[in-house]
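So the sequence lines, in the order shown, correspond to chains A and B. Counting from 1 along the first sequence, just add 1301 to a position and that's the residue number in my numbering. Counting from 1 along the second sequence, just add 1301 to a position and that's the residue number in my numbering.
Read the hints as simulated data drawn from the structure, not as lab findings. Any given hint could turn out to be false.
Stated by the list, open to error - Once the Cα atoms are required to be at most 20 Å apart in a straight line, the calculated PhoX-like pairs of lysine-lysine come out as: (1) B:Lys-1889 - A:Lys-1894; (2) B:Lys-1451 - A:Lys-1454; (3) A:Lys-1871 - B:Lys-1889; (4) A:Lys-1810 - B:Lys-1810; (5) B:Lys-1573 - B:Lys-1562; (6) A:Lys-1408 - B:Lys-1810; (7) B:Lys-1675 - B:Lys-1617; (8) A:Lys-1889 - B:Lys-1871; (9) A:Lys-1889 - B:Lys-1889; (10) A:Lys-1651 - A:Lys-1562; (11) A:Lys-1451 - B:Lys-1454; (12) A:Lys-1886 - B:Lys-1562; (13) A:Lys-1454 - B:Lys-1886.
Please read all numbers here as calculations on a predicted model, not as lab measurements.
Number of protein chains: 2
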Amino acid sequence: MLRTHTCGDLRKTDAGTQATLCGWVDSYRDHGGGLFVDLRDRYGITQVVFNPPDTPADLIEASKDLRAEYVLQVTGNVEPRPEGMANAKHKSGEIELRVTEMKLLNKAKSPPVSPSESVTELPGEEIRLKHRYLDLRRPAMQRAMLLRDKIVKGMRDHFADEGFVDVETPILGRSTPEGARDYLVPSRVHPGKFYALPQSPQLYKQILMMAGYDRYVQVARCFRDEDLRADRQPEFTQLDLEMAFIDDDDIIAVIDTLVEKLAKDLLGLDVKLPLPRMTYDEAMTRFGHDAPDLRFGLEIVDLTDLAPKSEFGVFKSVVEAGGHVRAINVPGGAEHYSRRGIDGLTEFVKGFGAKGLAWFKCEEGDKLNSNIAKFFPEELLAEMATRLGSKKGDLVLFSADKWKGTCKVLHALRTKIGEEMKFYDEKAMSFSWVTEFPMFERTDESDNPQAEGRWSAMHHPFTAPLDEHVEFLDSDPERCRAKAYDLVINGSEAGGGTIRIHDADVQSKVFSLLGIDKETADDRFGFLLEALQYGAPPHGGIALGLDRFVMLLGGYDNIRDVIAFPKTQKATDMMTEAPGEVDTKQLKELSVKVDL
Amino acid sequence: MLRTHTCGDLRKTDAGTQATLCGWVDSYRDHGGGLFVDLRDRYGITQVVFNPPDTPADLIEASKDLRAEYVLQVTGNVEPRPEGMANAKHKSGEIELRVTEMKLLNKAKSPPVSPSESVTELPGEEIRLKHRYLDLRRPAMQRAMLLRDKIVKGMRDHFADEGFVDVETPILGRSTPEGARDYLVPSRVHPGKFYALPQSPQLYKQILMMAGYDRYVQVARCFRDEDLRADRQPEFTQLDLEMAFIDDDDIIAVIDTLVEKLAKDLLGLDVKLPLPRMTYDEAMTRFGHDAPDLRFGLEIVDLTDLAPKSEFGVFKSVVEAGGHVRAINVPGGAEHYSRRGIDGLTEFVKGFGAKGLAWFKCEEGDKLNSNIAKFFPEELLAEMATRLGSKKGDLVLFSADKWKGTCKVLHALRTKIGEEMKFYDEKAMSFSWVTEFPMFERTDESDNPQAEGRWSAMHHPFTAPLDEHVEFLDSDPERCRAKAYDLVINGSEAGGGTIRIHDADVQSKVFSLLGIDKETADDRFGFLLEALQYGAPPHGGIALGLDRFVMLLGGYDNIRDVIAFPKTQKATDMMTEAPGEVDTKQLKELSVKVDL
Chain A
1302 MLRTHTCGDL RKTDAGTQAT LCGWVDSYRD HGGGLFVDLR DRYGITQVVF
1352 NPPDTPADLI EASKDLRAEY VLQVTGNVEP RPEGMANAKH KSGEIELRVT
1402 EMKLLNKAKS PPVSPSESVT ELPGEEIRLK HRYLDLRRPA MQRAMLLRDK
1452 IVKGMRDHFA DEGFVDVETP ILGRSTPEGA RDYLVPSRVH PGKFYALPQS
1502 PQLYKQILMM AGYDRYVQVA RCFRDEDLRA DRQPEFTQLD LEMAFIDDDD
1552 IIAVIDTLVE KLAKDLLGLD VKLPLPRMTY DEAMTRFGHD APDLRFGLEI
1602 VDLTDLAPKS EFGVFKSVVE AGGHVRAINV PGGAEHYSRR GIDGLTEFVK
1652 GFGAKGLAWF KCEEGDKLNS NIAKFFPEEL LAEMATRLGS KKGDLVLFSA
1702 DKWKGTCKVL HALRTKIGEE MKFYDEKAMS FSWVTEFPMF ERTDESDNPQ
1752 AEGRWSAMHH PFTAPLDEHV EFLDSDPERC RAKAYDLVIN GSEAGGGTIR
1802 IHDADVQSKV FSLLGIDKET ADDRFGFLLE ALQYGAPPHG GIALGLDRFV
1852 MLLGGYDNIR DVIAFPKTQK ATDMMTEAPG EVDTKQLKEL SVKVDL
Chain B
1302 MLRTHTCGDL RKTDAGTQAT LCGWVDSYRD HGGGLFVDLR DRYGITQVVF
1352 NPPDTPADLI EASKDLRAEY VLQVTGNVEP RPEGMANAKH KSGEIELRVT
1402 EMKLLNKAKS PPVSPSESVT ELPGEEIRLK HRYLDLRRPA MQRAMLLRDK
1452 IVKGMRDHFA DEGFVDVETP ILGRSTPEGA RDYLVPSRVH PGKFYALPQS
1502 PQLYKQILMM AGYDRYVQVA RCFRDEDLRA DRQPEFTQLD LEMAFIDDDD
1552 IIAVIDTLVE KLAKDLLGLD VKLPLPRMTY DEAMTRFGHD APDLRFGLEI
1602 VDLTDLAPKS EFGVFKSVVE AGGHVRAINV PGGAEHYSRR GIDGLTEFVK
1652 GFGAKGLAWF KCEEGDKLNS NIAKFFPEEL LAEMATRLGS KKGDLVLFSA
1702 DKWKGTCKVL HALRTKIGEE MKFYDEKAMS FSWVTEFPMF ERTDESDNPQ
1752 AEGRWSAMHH PFTAPLDEHV EFLDSDPERC RAKAYDLVIN GSEAGGGTIR
1802 IHDADVQSKV FSLLGIDKET ADDRFGFLLE ALQYGAPPHG GIALGLDRFV
1852 MLLGGYDNIR DVIAFPKTQK ATDMMTEAPG EVDTKQLKEL SVKVDL
């Protein structure tokens, strides 16, 4: 070892001893005749002093050449800092090291990204990503990586304690027809054929249940070649697990206790178990969204039955057409949103498909008033106020549209207003479950023009329906709810899973509803269907998106801040410049060529 | 949960209680009027009895349809087995479950690979790989996967205890010129450009040291597109680590304690630390190989100085040409290898480049004798016998060739004879280190005709020379030894690492010796060279091949037996049929086309 201690080790009790430290020059200041250096490593900062009489004259001279990020090995005497000079910010802030020997381990050019926390201004993200070795040297980034490490270790320990087996599944997998988002890898040994990188280990983990592994877990790398949104990466990591001989409650319970442990150990939070659960239908009814943020209220109130009692044409015609009139009551919103503020909200909801924004302010005597109040009889206004729970100073915002439209608009409004009016503590954490998702949704025209109006699986085609809904597969697929469950953290879906179908009859019915004929099914997952015939146990699982999980637990805004070497939104690695050009010769060996 | 216990849980102390089990029918036998079923899960086997009076008549009737690998849920009364009927092979062998209720969870077709341990005959490996879900259901395969899980968990715990941070490095990396063994991934966003899958996280882990992570560890998936030998896979896993502010002894020490813990916890073996170390030169001298099997002796003895005293032309001319005459003395070999046996060894060594095999048998009075004895004066024979330590009944085998040739032949002979004559206990485990490898080796003609006679790096171009050998970079590169170390288990290289160069001057010298000009260096690892200029600490690391490590610790012969979903030697996944064909449309989106 080149050191006896790290830069976060030494304490007042070490005073009078000798120590050797290694680290980077975080900052330095000449105090006339000598130099004070803050020496930094992953563990902390220690003040290192070049001063007579401890430091020989030649070393004091040499120390004058030190610059930011130079790498040093220094030996010296540990002494308490002079009275009143202790630095409470640092664990080793009560002592200093008076240098007797120094070795310059390496020099550094002036860094384009300063790793020192004393430098508060950061360059743009492109520069940070290009010089990731400097960006990652910043203590803030190191805290993110250490938190990630602790979360992953906590997960692994939890599942080991619970009897799960960690099994590695392949990265070089099967390319499947319609695998539109697959990354492909040409095979050299089999010219013209390709591997695909896995979008998830889904089929493998089901195979492992059929192979009797009972409880499987893996922190698995997954790949999806899609247009990159702010919080998506071409490669991402998921905590992936599967259990046999269980039902949905068992999966939820094993994640509940994981959340409890991690919240306690890493955030010092006491989370009460079981985590709150609501069905998909309840979530849509109360919050307009399947991943509601439960840190605050602003729940949706349905006024569809009352709306026709008004003379307001918009409401009446929506209800006549089978639509809904729903609203949220914003406590204190009347003052927070001026007329202009409401204009802003109106523009905002237009971005979510609304044609306008009907609103009321609640005045003295809890009376609703607005520019459309004249269309509403007194008693109706009073009835609405009662149902909405409006009090003086509140603002009521409406959406009148088809069910889905009202969900979209009111969820967006609720989220925006919750944040703007600080209806929750930024440090608060809310964990909950949404369950019983629909088995099927109508394929949206925008996704696939050929498939308009067809059913598609909301999760994946192996998802089991609720036992009591199996009959709806024939009679009313839309009504059929699944054994599916999503973990929601602060209004973000942190992961989801399902119980799988292990019954061949139910599986064929689902395939046929999804328009998957036998040939297609065999082509896409023939080996799984075959495995199902050799003694498949009841099973199910879940996957949590690790990157997002770390981001949410750590309170980061940007997923790239919790990934050591992330890619940009254009799927580029700024540091290595991947993807890059390759030799024609290499491509020839792989029997492919570029075709621009 | 569908069960109250697993099939390995119940004990005599549970007698008199009720239990519900789930599992697979391992075997069944009709004992007239009722059925005995061995029910199996990952945890064990429990005998389940369908018999009056516990079992209702209709269930006894239904039980007659049960077949191997049917999946059952059974509830019943736990009872001790009748006197003398306990099965000591099973943890739950002292009790049986007398069935009161049964639910058939799933049927199974007759399995092409029987998961039951009672079936000892296995089908060919192709069938096993195709029906991997059945093969993996075999208890022997489950033990392998559980051992692997325990080894990985043990590693992770060890390194967490030692303050290492687990950091994930990218799978979609940079393709580099000359990346002949890279798997490539076409980019959709950047037409004509490619990612490459990493052959190891080497550059990233060095970057992490420069970023101040101090101690990094990862169980990392790596990829190499090469012709597959028996123990290689296109994708493999390595335990990958790197440390800063350390020297080679520190890396070796942290692996030493890992080996000690794993050997103790998983094999019940007491391994003495420090593990034995020898230099590369010593290993080649004593064993002819850089990964010697230390479970047995048969060390090489050099007789080059004595050979010219004989009249044996072959020896004399080899020595005159600067070659070596070396031998191994095989205790008891004279009897074990008849004249015909020696003919077999002669054929064998020809496969390793020898022209023939000179030999002596040691007779009464420790006297060496053979068909070439006449060329050797009596005193010379006596001197040779003394140096070789030959005793009556021993066999002495020679190699006369250039140094490398003698190493190759005698290592092969030693390995073969050690195994054939059982010079070691098959269960014995030998862990050791080989250190101080040459920095450079002459590029072999067969590898790259253009580069004949050039130096190539024995490890990789960032490997640091021994401090006291830096001067040889200029004066005598061949003599230059590296801070490199390989962990050897039972004569197999289980992993290796080096201390890296962190000094820019030394790095340029090494590049120039390797014929890597600045442009090439920048092209291949420009970002690393740039990072070196911003304050790189001294650092080094190691990587252990996990698949082989598990294979060696578990005593498996085949690496595919410790990988859940391995590929064949043709890089095919027999179960999923990867690699496969893909749509032209998919390729078009990626701007590539097949070019056969």
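Here's how the hints hold up against the structure:
As the CA atoms of Lys-1889 (chain B) and Lys-1894 (chain A) are separated by approximately 11 Å, the hinted pair is consistent with the 20 Å bound. Simply put, Lys-1451 (chain B) and Lys-1454 (chain A) have alpha-carbon atoms about 15 Å apart, close enough for the 20 Å limit, and the pair holds. Proposed proximity of Lys-1871 (chain A) and Lys-1889 (chain B) is supported: the alpha carbons are some 19 Å apart, at most 20 Å. As the CA atoms of Lys-1810 (chain A) and Lys-1810 (chain B) are separated by approximately 69 Å, the hinted pair breaks the 20 Å bound.
For the hint linking Lys-1573 (chain B) to Lys-1562 (chain B), the alpha-carbon distance of about 11 Å falls within 20 Å, and the restraint holds. With a CA separation close to 18 Å, the supplied pair Lys-1408 (chain A) and Lys-1810 (chain B) stays within the 20 Å bound. Distance check on the hinted pair: Lys-1675 (chain B) and Lys-1617 (chain B) sit about 15 Å apart at the alpha-carbon level, within 20 Å; holds. The suggested pairing of Lys-1889 (chain A) with Lys-1871 (chain B) holds, with an alpha-carbon distance near 19 Å, which does not exceed 20 Å.
Distance hint between Lys-1889 (chain A) and Lys-1889 (chain B) is fulfilled; the C-alpha atoms sit about 18 Å from each other, no more than 20 Å. Proposed proximity of Lys-1651 (chain A) and Lys-1562 (chain A) is contradicted: the alpha carbons are some 42 Å apart, above 20 Å. Between Lys-1451 (chain A) and Lys-1454 (chain B) the CA atoms are separated by roughly 15 Å; this keeps the pair inside 20 Å, and the hint holds. In summary, the hint linking Lys-1886 (chain A) to Lys-1562 (chain B) is not supported, as the alpha carbons are separated by about 47 Å, beyond the 20 Å threshold.
The hinted pair formed by Lys-1454 (chain A) and Lys-1886 (chain B) fails the criterion: a straight-line CA distance of about 42 Å is larger than 20 Å.
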